[in-house]
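Each step along the sequence shown adds one to the number in the numbering used here, with nothing skipped, and position 60 is 199.
Please note that a few of the clues may not be correct.
Straight-line distance between alpha carbons at most 25 Å, and here's what the computed PhoX-like set of lysine-lysine pairs gives [what the hints assert, rightly or not]: (1) K237 / K174; (2) K208 / K237; (3) K197 / K225; (4) K291 / K225; (5) K211 / K237; (6) K225 / K237; (7) K174 / K197; (8) K211 / K150; (9) K197 / K184; (10) K174 / K211; (11) K184 / K208; (12) K150 / K174; (13) K184 / K237; (14) K197 / K211; (15) K208 / K174.
Rather than coming from a laboratory, the hints here were simulated on the basis of the structure.
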Amino acid sequence: EDPYTAFLEPKAWSAMREENAGHFVGIGAQLDSRKTREGYQLIRKPMPGAPAEQAGLKAGDLIISVNGKSTKGMDVDDVVGMIRGKEGTFVRISVRRKGTPAPIAVSIQRQMVAYPNITSSMRGEFGYIALDQFSDSSDANLAQAMAELSRKGAKGFILDLRENPGGLLDAAQAVASRFLKPGDAVVLVQERGRPREIYEATQTRGFRPRVPVVVLVNSGSASA
Numbered sequence: 140e141d142p143y144t145a146f147l148e149p150k151a152w153s154a155m156r157e158e159n160a161g162h163f164v165g166i167g168a169q170l171d172s173r174k175t176r177e178g179y180q181l182i183r184k185p186m187p188g189a190p191a192e193q194a195g196l197k198a199g200d201l202i203i204s205v206n207g208k209s210t211k212g213m214d215v216d217d218v219v220g221m222i223r224g225k226e227g228t229f230v231r232i233s234v235r236r237k238g239t240p241a242p243i244a245v246s247i248q249r250q251m252v253a254y255p256n257i258t259s260s261m262r263g264e265f266g267y268i269a270l271d272q273f274s275d276s277s278d279a280n281l282a283q284a285m286a287e288l289s290r291k292g293a294k295g296f297i298l299d300l301r302e303n304p305g306g307l308l309d310a311a312q313a314v315a316s317r318f319l320k321p322g323d324a325v326v327l328v329q330e331r332g333r334p335r336e337i338y339e340a341t342q343t344r345g346f347r348p349r350v351p352v353v354v355l356v357n358s359g360s361a362s363a
C-alpha cells in the first residue's frame with residue numbers, strides 16, 4: 140500500500156522510456172496526473188503543432204473514451220497506453236468540453252512527437268522557464284534557455300516545476316548541479332540491503348546562473 144510506487148507492465152514501461160528519451164509516438168497531449176471528480180483524465184495542454192492540437196483538442200477537455208472504451212476511473216498511465224500505438228495508425232478519442240453539451244469525437248493519426256520539456260520567455264526583467272519533466276535532454280535544454288534569456292538581459296530566473304511529475308534521477312542530478320557547487324549533496328538514496336549513497340553535484344559545462352532564482356512548485360510536483 141505504498142502510494143508512491145507503481146508496477147509497470149511492459150507496454151507502460153516502454154512508453155515511459157520513450158518519454159524520458161524526449162520523443163514518443165502518440166498524439167502530443169499532456170494529461171493531468173490526477174483524475175477529475177468525475178473520474179476522467181483531463182488534458183492539461185496539447186503540445187504546439189502536435190496531432191492533438193491539429194485535431195482541435197484543447198486544454199481542459201475531459202477524455203471520456205478511447206476507441207470506444209470508457210476511461211472512467213482509469214489511471215493516467217492506462218489512458219496513455221490506450222492512446223499511444225504504432226506510428227501512422229489512428230486512434231478515436233471522445234472528449235467532454237465545458238460549455239459544449241454533446242461529447243466531441245475526433246480521429247487522430249499517431250505520429251512521432253518530440254517532447255518539448257522546456258518552454259521559456261521573458262517576463263518583464265526576469266527569465267521564465269517551465270520544466271515539464273526530467274528527461275535525457277532537460278539539462279542541455281535548461282542551460283540553453285537560461286543562456287538565451289541571460290543575453291536578453293534577465294536579472295533573475297523563475298524556474299517553474301509546477302505539475303512536473305519527475306523523471307530520471309541522473310537528469311535531476313544534472314539540473315541541480317547547475318545551481319549548486321560541485322560536491323554539494325543533491326539527494327541521498329537508500330536501497331534495501333545496500334549502503335546509503337549520496338548523489339553529489341557535478342562539474343557542469345555551459346551556462347550557470349549567477350543571479351537570483353525562484354522555484355515554483357505545487358501539489359503536482361513530485362519525485363525528481
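Each hint, compared with the structure:
1. A distance of roughly 16 Å separates the Cα atoms of K237 and K174; the hinted pair therefore holds under the 25 Å criterion.
2. Of the pairs offered as hints, the one joining K208 and K237 holds, with about 21 Å between alpha carbons and a cut-off of 25 Å not exceeded.
3. This hinted pair checks out: K197 and K225 have alpha carbons roughly 23 Å apart, not beyond 25 Å.
4. Only pairs whose Cα atoms come within 25 Å are accepted, and K291 paired with K225 is rejected, the gap being roughly 42 Å.
5. Annotation: proposed proximity of K211 to K237 holds, straight-line Cα distance about 17 Å (limit 25 Å).
6. Under the criterion of a C-alpha separation no larger than 25 Å, the hint pairing K225 with K237 is inconsistent with the structure, at around 31 Å.
7. The suggested pairing of K174 with K197 holds, with an alpha-carbon distance near 17 Å, which does not exceed 25 Å.
8. Our distance criterion of 25 Å between C-alpha atoms is met by K211 and K150, whose separation comes to about 20 Å.
9. Between K197 and K184, the direct Cα distance comes to roughly 7 Å. Compliance with the 25 Å bound is thereby established for this hinted pair.
10. Taking the CA atoms of K174 and K211, the gap is near 9 Å; set against the 25 Å cutoff, the hint holds.
11. A C-alpha spacing of about 22 Å is found between K184 and K208, which places the hinted pair at or below 25 Å, so the restraint holds.
12. Only pairs whose Cα atoms come within 25 Å are accepted, and K150 paired with K174 is accepted, the gap being roughly 21 Å.
13. Between the alpha carbons of K184 and K237 the distance comes to roughly 15 Å, so the proposed pair stays at or under 25 Å and holds.
14. At most 25 Å may separate the alpha-carbon atoms for a hinted pair to count; K197 and K211 meet this at roughly 19 Å.
15. Taking the CA atoms of K208 and K174, the gap is near 17 Å; set against the 25 Å cutoff, the hint holds.
The structure fails to meet hints 4 and 6 from the earlier list, while all remaining hints are met.
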